[in-house]
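All chains, please: the whole structure from these sequences, using the hints.
2 protein chains.
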Amino acid sequence: MSKFWSDIVHTLTPYVPGEQPKTQNLIKLNTNENPYPPSPKALAAIAEASNESLRLYPDPSSDILKQSIANYYNLDTAQVFVGNGSDEVLAHTFQALLKHDKPLLFPDISYSFYPVYCGLYGIDYKTVPLNANFEIDVADYSQPNGGIIFPNPNAPTGIGLALNNIENLLQQYPSSVVVVDEAYIDFGGESAIAFIDKYPNLLVVQTISKSRSLAGLRVGFALGHPDLIQALVRVKDSFNSYPLDKLATLGASASLNDKAYFSKTCQRVIQTRDQLTLKLKALGFEVLPSQANFIFAQHPKHQGKDLAQSLRDKQIIVRHFQAPRIENFLRITVGTDVECAQLIKALESIIA
Amino acid sequence: MSKFWSDIVHTLTPYVPGEQPKTQNLIKLNTNENPYPPSPKALAAIAEASNESLRLYPDPSSDILKQSIANYYNLDTAQVFVGNGSDEVLAHTFQALLKHDKPLLFPDISYSFYPVYCGLYGIDYKTVPLNANFEIDVADYSQPNGGIIFPNPNAPTGIGLALNNIENLLQQYPSSVVVVDEAYIDFGGESAIAFIDKYPNLLVVQTISKSRSLAGLRVGFALGHPDLIQALVRVKDSFNSYPLDKLATLGASASLNDKAYFSKTCQRVIQTRDQLTLKLKALGFEVLPSQANFIFAQHPKHQGKDLAQSLRDKQIIVRHFQAPRIENFLRITVGTDVECAQLIKALESIIA
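For the record, the sequence lines run as chains A and B.
With the first letter of the first sequence counted as 1, position 300 gets the number 300 in the numbering used here; the numbers rise by one all the way through.
With the first letter of the second sequence counted as 1, position 42 gets the number 42 in the numbering used here; the numbers rise by one all the way through.
Incorrect hints may appear among the rest.
Below are the DSSO-like pairs computed for lysine-lysine, each with C-alpha atoms no more than 27 Å apart in a straight line [said to hold, decoys possible]: (1) B/Lys-22 <-> A/Lys-41; (2) B/Lys-198 <-> B/Lys-102; (3) B/Lys-3 <-> A/Lys-126; (4) A/Lys-3 <-> B/Lys-198; (5) B/Lys-314 <-> B/Lys-301; (6) B/Lys-41 <-> B/Lys-3; (7) B/Lys-3 <-> A/Lys-102; (8) A/Lys-3 <-> B/Lys-102; (9) B/Lys-22 <-> B/Lys-3.
Hints were generated in silico from the structure; no laboratory data involved.
Here it is in structure tokens:
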């Protein structure tokens, strides 16, 4: 608290990201990073660009990266916005497209940054409870709104939403922007990108942090009608002309261009996830059906908080949210097969 | 214009950065980049970090970089904030510290992003004219205000403000945050950092883009009392937990640690600037006294706009602002000695 702070600062409840431990030798299954390295082509592109030219400003609109994204998804570059991680893309989205007279709607159990953005930009919002199976029921969104946002698959549940449900929302609220936050879509979900040419009220947000193993670079993007993209560009150019540095732009672009590597690593994560799910169920866990690179699970006889602490004592970190309805759950990132085997071994000894 | 836009988007007048040409073979003297490469130690640090670990999120608080900055300026890390370029640091500063009931004050001729930030955050502001010599006269700031911000040296004039003037403002308005934007301070100005322990209302903003030849990395920072830094952190953590990627954090840190290289390249820029000033004056230009890595100059017999176009025709780009009081000036970045000789040669032929 300080007399120097703008009023808004006093009211903020900032987001708290998962721990990035500074010690080594931990099995890190807490922030949904990919266990496999980035594409070698991405690392080569970064190495090639790490030279004298860093004295120059980067391309303010990151055209090379936009073109790679447009090519990958068969869109026009005017339908692509890029930012410094999908968190920045989401922040601009909240400010540029989701502040209206009627409340913004999002699930009660969802990405916990959403209410933080609302606080930062003074956006009225209303949370819509997931159903008893922790699913989004689009019928529950049939109420006056100034916009709708949800992750698909949802976080931290991992549960995906079928495309016909998303299309229902797009049709039912043609004057509301519907933002589908697809941070985890590449691990088995159905992307709404197919609807972009059809619905001018759809914005899809993605990231290279998870499925492209480049959380360390900070690149996210949004796809939608050029009118929506233009709103994001106007806010971006009123905030920071050059949000993406040269290395991030070129590394991300090379990563997008390497489809073969991407497919291979995504498939490995999916296979490990499905095996891990079976093993957790064998230990008595209730596991929500995940289409993401993490698993959300609870044990009928053990508190989530206690399990997280016991795992931590064994050098394994997972994420636990002290929040209504989900306080007994653990969110476990899908690691390598070896890491998941160590997790299961540790849980066996804890539960025994 | 779109029904989907939040109200604020319709009202924005985004900042337009200087051109980043995609063609080669231009002499680029338009965006105040350093003509010398980054420290070899910075490039080595980036190369070393460009590996498998990019799959992981970076340290959200960039502690290694904060420590390098704190060491360099003999401050505590609690007095240091880092962001994705000084433009992001300034954006957070406007939102976190400069929105109050009374208007924010800044010079009429100054960094043209300031009014854009005010538009983005709904900040009431009032511009204070530079005096007839294009200098900041602190007596003109003796009026009710909710904060004061100016670059030192000022941009695009290049004129520096002596520290006793800044101290006067800090003393006269102990309840206003005074932000000194020192993007160009390392080329001969007097930094206000010396006042940080004395005045809790002082915030100094700097960048590694210019004096450390790393515009391509996007790293800026702010220095001030921990109360001010905490406001910036609260906004940052409500906007984007990880604004700095791993390569930028480590490259910037290594750059800060290489004092010898930094001093050498700054001195070379200063020497070239002083020689270029003499040569421009010999051609009949009026040259404002610069403490920055650029020169602001006008010619009594030639329009600034025409000169800029004629230089462009000769593959040399400089910056021209179509703005009151300065429309006849050119802002010329100090290049290498060879580039400046080519500029002078081109101007000789244009003016002849």
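Which numbered hints fail: 6, 9
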